[in-house]
Amino acid sequence: MSKHHVVVIGGGGTGGAIIHDLRLRGIEATLVERGELTSGTTGRHHGQLHCGARYAVKDRAIARECMEETYILKRIARESLEANYGLFVALNDEDEEHVPIFIQSCVESGIPTKEVPVKHALEMEPNLNPDIRRAIMVPDGTIDAWRLPLQFFASARHNGAGIHTFTPVTGFRSSGKAITGVQVYDLKTRREFTIAADLVINATGAWAGQVTKMADVEIPITPGPGTMVAVRKRLANMVISHLHPAGDGDIIVPQRGLSIIGTTQYRTDDPDDIAVPEEDISEMYRCADMLIPTFSSQKYHAAWIAARPLAGAASTADDARNLSRDFNVVDHGEIDGREGLVSVIGGKATVLRAMAEQTVDAACVKLGITECCTTAETALLPHRAYST
Amino acid sequence: MSNIQLAFTINRSHIDDSGAELSRRQQQYSLGVNDRMTVLDALEVIRRDQDTSLMYRHSCHHGSCGTCGMLINGERKLACLTQATKLETEMIELQPLRNMKVIGDLAVDPSPLFPDFPKGAAYIRRSEVNRDGRKPFELDHWERFEDCIECGLCVSSCPVTESFMGPAALAAHNREIINRRERRGELLGEVNVPRGAWPCTRALNCSRACPTGVYPAKHIAELRKKIEQDGLTPAAEPGEKRAQ
Ligand SMILES: Cc1cc2nc3c(=O)[nH]c(=O)nc-3n(C[C@H](O)[C@H](O)[C@H](O)COP(=O)(O)OP(=O)(O)OC[C@H]3O[C@@H](n4cnc5c(N)ncnc54)[C@H](O)[C@@H]3O)c2cc1C
Ligand code: SF4
Ligand code: FES
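Line order of the protein sequences matches chains A and B. Numbered per this note's numbering, the first sequence spans residues 1 to 388. Numbered per this note's numbering, the second sequence spans residues 1 to 244.
DSSO-like cross-link-like pairs, simulated, lysine-lysine; straight-line CA separation at most 27 Å: (1) Lys119/A x Lys135/B; (2) Lys233/A x Lys135/B; (3) Lys74/A x Lys119/B; (4) Lys86/B x Lys233/A; (5) Lys135/B x Lys74/A; (6) Lys299/A x Lys86/B.
Hints are computed from structural coordinates only; laboratory data are not their basis. As the structure is a prediction and not an experimental result, all values here were calculated from the model.
With the sequences and hints as input, model every part of the structure.
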């Protein structure tokens with residue numbers, strides 16, 4: 001057991017996977033989250049378990065990582081997934097031209113694909129647009145955006161991690177230029193206190209820039225909000241994606257008794273300053289109806305928006321769209337001379353475990369710890385164990 | 001889209017180190033809202049622009065995580081599915097759920113909900129969509145998450161005052177028996193105890209409060225019927241008989 005103490009800031013999926021990983025390696029760890037767990041981007045994401053097919057044409061490495069993590073999550077967190085596959089459908093000539101490169105890119109990324117005759121696709125998903133031209137099955141699925149991270153938090157907590165919700169970080173403690181802890185304000189008791197740390201990990205997603213600013217360092221992060229709209233009927237079992245170079249409103253994710261269309265992409269400076277633009281709703285309905293024509297005639301359920309934590313700087317929405325979905329671990333000691341602070345930025349909910357593995361690997365190097373990561377082989381506790 | 005000014009009256013409180021609730025009072029905020037905005041959207045804006053210390057639970061913003069239950073004008077609802085202007089009151093009163101421990105303002109500790117859920121219960125069931133239609137040969141059947149999002153609205157609405165497992169845990173027992181017939185004997189044993197399926201008085205508050213259509217009262221009635229069918233001796237008189 002090491003004597004080091006690590007503080008993790010941010011209780012999204014990434015923070016949850018990090019604190020679980022730290023505890024499995026025997027490292028003392030405390031996590032602080034400003035609100036409820038997963039009240040940032042994680043709880044609000046679209047809920048797609050990405051096997052990587054969506055990214056394969058543009059970036060094989062990201063696609064391969066998504067596929068590997070999909071296999072791992074099915075082993076360690078099966079109950080937080082609806083594992084029904086995904087179906088990519090081509091709707092027009094242009095889409096059809098895109099099919100060969102799509103399939104080839106998937107194969108090169110280790111993603112199994114299976115083209116099914118249109119007739120079979122319609123028998124599997126009777127609500128699909130009957131005019132689809134091609135249909136390719138991939139191992140996508142649905143994530144319960146709340147329960148998956150909660151399984152990590154539950155496991156970490158039962159393994160001795162300290163987890164403080166409603167406790168925003170308000171500043172850093174330093175000795176010279178080195179960070180030695182965090183200043184927090186507990187909203188529950190209305191008291192301020194400090195937590196000493198040998199290392200602080202900033203896992204605040206789209207808020208990462210606001211947090212590093214408190215330590216007087218900058219980090220390239222672009223919050224990229226996107227809208228989702230849910231209707232009150234399950235219209236498919238598989239995740240239905242438009243087979244084309246990625247665009248807006250091209251994925252329908254089924255979940256419980258809902259069908260959810262998403263998403264759009266903007267950029268913002270403040271991830272708290274987001275509201276669904278009214279025009280997004282009709283646009284999402286229009287896009288959804290191309291895949292499942294009865295989508296917009298179902299009962300409206302909800303519309304909401306969340307900010308992607310895009311790694312990289314972008315000044316316009318188009319620039320933001322082109323930012324990679326990859327993630328980076330930034331050592332502020334090395335880059336800014338601020339020892340004791342590491343940030344993890346970018347990524348996706350599907351790859352939360354891999355993000356944690358790389359971040360904790362980097363933390364271990366800094367702390368001189370040699371324990372290996374075992375999260376890929378460790379089944380997680382049920383989400384309810386967080387509260388019991 | 002029209003924008004109207006609404007008053008939000010919100011219960012404020014915090015706790016001491018022992019968890020005891022301190023200083024319950026009400027605070028008013030005024031906010032312009034449009035027709036699309038939910039009570040949760042409004043809370044987000046109030047917290048961002050007017051009072052960063054405001055505490056409430058939220059995560060998914062679409063009725064799937066079960067964290068945002070509260071009393072909205074006295075009724076148990078999910079804040080994320082309640083459109084503010086549809087309430088048709090100029091003042092919206094927000095209070096934390098009853099029957100639960102407050103950890104601050106509108107936030108409650110949900111943990112009392114869980115101890116009586118059946119151990120190892122499945123969270124996934126067979127999907128109702130295209131149930132017997134074509135499916136990939138690798139799958140036994142199409143699947144989906146259970147409807148219950150563990151929001152506790154049913155438990156908070158239940159009028160039973162004696163010791164009681166409560167509607168959510170009982171509904172989960174019956175769902176598990178439906179999913180896994182082999183557990184029937186074991187789980188009926190768990191609910192055939194004085195605080196199990198019997199204290200329910202069939203007030204049906206739970207079924208009305210449930211935002212995802214679980215109808216817990218129906219599951220409690222089914223559990224009682226199964227206990228009878230299996231020839232078990234009821235552990236207590238049904239609550240509604242005692243209430244008469
Ligand atoms: C519209 C949209 C759709 C998406 N769809 C998918 C999808 O289908 N599949 C998929 O895999 N991924 C999806 N993603 C991506 C995924 O949601 C994110 O990559 C992931 O959730 C980020 O998790 P995180 O833990 O890094 O960040 P967050 O979940 O945002 O966590 C950061 C946390 O830090 C907290 N915090 C901020 N400041 C402070 C402070 N000062 N003190 C303490 N805590 C603080 C915040 O409250 C927050 O909870 C989607 C993203 C968006 C925006
Ligand atoms: S049964 Fe319904 S009301 Fe009760 S906890 Fe589950 S979802 Fe909530
Ligand atoms: S925020 Fe998830 S149910 Fe309301």
